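The hints should help you fit chain B onto chain A, whose structure is shown.
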Amino acid sequence: MSNLKLRKLKNKIFHGLVLSSTLFALIVLIVLLSDIVMDGYKWLSIDFFKNFTSRFPERAGIKAGLFGSLWIIVITASVSFPVGVGAALYLEEYAPKNWFTNIIQINISNLAGVPSIVFGILGLGVFVNTFGFGRSILSGGLTLALLILPIIIVSAQEALRSVPKDLKHGAYALGCTKWQVITGVVLPYAIPGILTGTIISIARALGETAPLIMVGAVTFAAFTPESIFDSFTTLPMQIYSWTSRPQADFHNLAAAAIIVLLAVLLTANALAVLLRDKYQDRIKG
Amino acid sequence: MNAKMEINNLNFYYGDFKALKDINMKIEENKVTALIGPSGCGKSTFLRTLNRMNDLIEGTRHEGEILYEGQDIYSPKVDVVELRKKIGMVFQKPNPFPKSIYENVAFGPKRHGIKNKAKLDEIVEKSLKGAALWDEVKDRLNTSAWALSGGQQQRLCIARALAMEPDVLLMDEPTSALDPVATLKIEELIDELKNNYTIIIVTHSMQQAGRISDNTAFFLMGELIEFGETKKIFSNPSDKRTEDYITGRFG
Chain A
1 MSNLKLRKLK NKIFHGLVLS STLFALIVLI VLLSDIVMDG YKWLSIDFFK NFTSRFPERA
61 GIKAGLFGSL WIIVITASVS FPVGVGAALY LEEYAPKNWF TNIIQINISN LAGVPSIVFG
121 ILGLGVFVNT FGFGRSILSG GLTLALLILP IIIVSAQEAL RSVPKDLKHG AYALGCTKWQ
181 VITGVVLPYA IPGILTGTII SIARALGETA PLIMVGAVTF AAFTPESIFD SFTTLPMQIY
241 SWTSRPQADF HNLAAAAIIV LLAVLLTANA LAVLLRDKYQ DRIKG
Chain B
1 MNAKMEINNL NFYYGDFKAL KDINMKIEEN KVTALIGPSG CGKSTFLRTL NRMNDLIEGT
61 RHEGEILYEG QDIYSPKVDV VELRKKIGMV FQKPNPFPKS IYENVAFGPK RHGIKNKAKL
121 DEIVEKSLKG AALWDEVKDR LNTSAWALSG GQQQRLCIAR ALAMEPDVLL MDEPTSALDP
181 VATLKIEELI DELKNNYTII IVTHSMQQAG RISDNTAFFL MGELIEFGET KKIFSNPSDK
241 RTEDYITGRF G
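Protein sequence lines, in the order shown, are assigned to chains A and B.
For the first sequence, our numbering gives the first residue as 1, with consecutive numbering after it.
For the second sequence, our numbering gives the first residue as 1, with consecutive numbering after it.
Okay, chain A solo, but in the shape it has when bound (with noise of 0.2 Å):
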């Protein structure tokens, strides 16, 4: 009996511990946000949106660091999307099972940790040096494509293994090719989870500032980009640049940038989401 006790005990003490953890995480978030919100809800105005930075809080916007997030999304999104799924179709659908293909598989799980800054370094190298792109939005752009590549490449890839073999099989029981498996079969059965794990990895993206820094992001920028080749701010420069002047208004406006960027990226997430149950109802229907 006074076992049975201990056991009940036991298990009260690890629900405890448990639910603790929980309320950990979400109560430092909550100081976090607030503190934000407080700070920064009284400089949101139209014309937050509508100014470029300047010497002046009173007079400072976000006007060119949201445009040069918006222009950087759009190129990393175009490129690591096609690239990364077609690289998980290969490795999941294509590629044979020997030595050469684990290693290529280690290599991708592995670049998924690397530093961001790491990335920049790439970049700046590449991009910026070698191809000669400059310090432009093509550069920083691609450097970013490379960051979330990985990431894009095994969310797709565990979305293509949820494909049921049956259904693959039945495809190719009336006589389709393997394209015509991965398009009719494969892809719309898959596509949900691909979503959902590209727009997380963008959404990551839209955060990052090391390797921006590093393919030389400016952060006193007084225009919007009109080419991909034009030299650019984002919304994460932009915090990163008021966060490190000494005036207490500065560091109200980042909070009210902080805002915006979190208001984007969440809304990225519901997206995300959105789009998996549209497609996931049109499976299931």
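Read the hints as simulated data drawn from the structure, not as lab findings.
The structure displayed is predicted, hence computed values, not measured ones.
Built from N, CA and C at the ideal position, the CB exists for glycine as well.
Be a bit skeptical, because a hint or two may be false.
[To be verified] Residues from chain A that face chain B, not an exhaustive set, calculated with beta carbons under 10 Å:
#1 97
#2 219
#3 222
[Claimed, not checked] Straight-line distance between alpha carbons at most 30 Å, and here's what the computed DSSO-like set of lysine-lysine pairs gives:
#4 B:77 to A:178
#5 B:119 to A:50
#6 B:93 to A:97
#7 A:42 to B:138
#8 A:178 to B:240
#9 B:93 to A:278
#10 B:185 to B:21
#11 A:10 to B:185
#12 A:278 to B:21
#13 B:85 to B:26
#14 B:240 to B:18
#15 B:85 to A:165
#16 A:97 to B:77
#17 A:165 to B:86
#18 B:110 to A:278
#19 B:77 to B:129
#20 A:278 to B:138
#21 B:110 to A:165
#22 A:178 to B:126
#23 B:119 to A:97
#24 B:232 to A:165
#25 A:165 to B:240
#26 B:117 to B:4
#27 B:129 to B:110
#28 B:126 to A:165
#29 A:97 to B:129
#30 B:185 to A:178
Relative to chain A, chain B alone:
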């Protein structure tokens, strides 16, 4: 007798494991041939060599020949895509695609180049009628195939195979996941289909083999023990092991 397919000295390997040993068999046209035997005896492996589905498994190989209309199906001259068009397959577990009923049936024909909507409509109707499913689904062709019952799904898979206008239909335990009523429907359908198709069916149920097949092949540990008319196999088997199996002494 008119042989649709002829299997000569077929050996089949998964890596080092020899799954089929020296199989010789003639498949008669417009007849139902049942493959029976205990689990792991090679009957499903044998069925999947007939439309080269085993090509999809890495590390498999075969020896001997499988003639379809006089041509070895493993010859480099044979295109596996064309072969599978002629030799359709229905799987153990109903596996409709996550698409509408209409799209499931039209899936094959569309991918073999038929684009005309009227023609596709015609194929879909004919195939669903052929699989005895038309009356149950004609008012909801655009709803998801996954909403159908298991038995309906399996008949949809048969319709999907029929849409390719195959010559031979391979069935891998098509009723093992179905209830008795759905099973009966499929069996009646098979009886109907044999007028136009040559059917080879793997079954775990001896009663089913007895009810629906004209010829029966008994497999044991990768060997074809006995092959002949179903009536004879069930009433007067010539091999002791066949008799033991069909009378339920093992397996």
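Check the hint pairing residue 85 of chain B with residue 26 of chain B against an upper bound of 30 Å on the C-alpha distance.
This hinted pair holds, its Cα atoms lying about 21 Å apart.
Measuring from the C-beta of residue 219 of chain A to each C-beta in chain B, is the shortest one below 10 Å?
violated (49 Å)
Tell me if the straight-line CA distance from residue 42 of chain A to residue 138 of chain B falls inside 30 Å.
Between residue 42 of chain A and residue 138 of chain B the Cα gap is close to 62 Å, so the pair fails against 30 Å, i.e. violated.
For a C-alpha distance cap of 30 Å, please report whether residue 93 of chain B and residue 97 of chain A respect it.
Since the Cα atoms of residue 93 of chain B and residue 97 of chain A sit roughly 27 Å apart, the hinted pair holds (cutoff 30 Å).
Take the C-alpha atoms of residue 77 of chain B and residue 178 of chain A, compute the straight-line distance between them, and say whether it is at most 30 Å.
Measuring from Cα to Cα gives roughly 19 Å; hence the hint holds.
Can the restraint linking residue 10 of chain A and residue 185 of chain B be considered satisfied, given a maximum Cα separation of 30 Å?
Not OK: residue 10 of chain A and residue 185 of chain B at ~56 Å, beyond 30 Å, violated.
Keeping to a limit of 30 Å between CA atoms, is the pair of residue 97 of chain A and residue 129 of chain B held or broken?
violated (43 Å)
Assess, step by step, whether the Cα of residue 85 of chain B is no farther than 30 Å from the Cα of residue 165 of chain A, and give holds or violated.
holds (20 Å)
Distance restraint between residue 77 of chain B and residue 129 of chain B, which requires alpha-carbon spacing of 30 Å or less
violated (35 Å)
With the threshold set at 30 Å, check whether the alpha-carbon distance from residue 178 of chain A to residue 240 of chain B stays at or below it.
violated (45 Å)
With a cut-off of 30 Å on the C-alpha distance, tell me whether residue 278 of chain A and residue 138 of chain B pass.
Cα-Cα ~26 Å, so holds.
Restraint status (C-alpha distance of residue 165 of chain A to residue 240 of chain B at most 30 Å):
Between residue 165 of chain A and residue 240 of chain B the Cα gap is close to 39 Å, so the pair fails against 30 Å, i.e. violated.
In this structure, the earlier hints numbered 2, 3, 5, 7, 8, 10, 11, 12, 19, 23, 24, 25, 26, 29 and 30 are contradicted, and the remaining ones agree with it.
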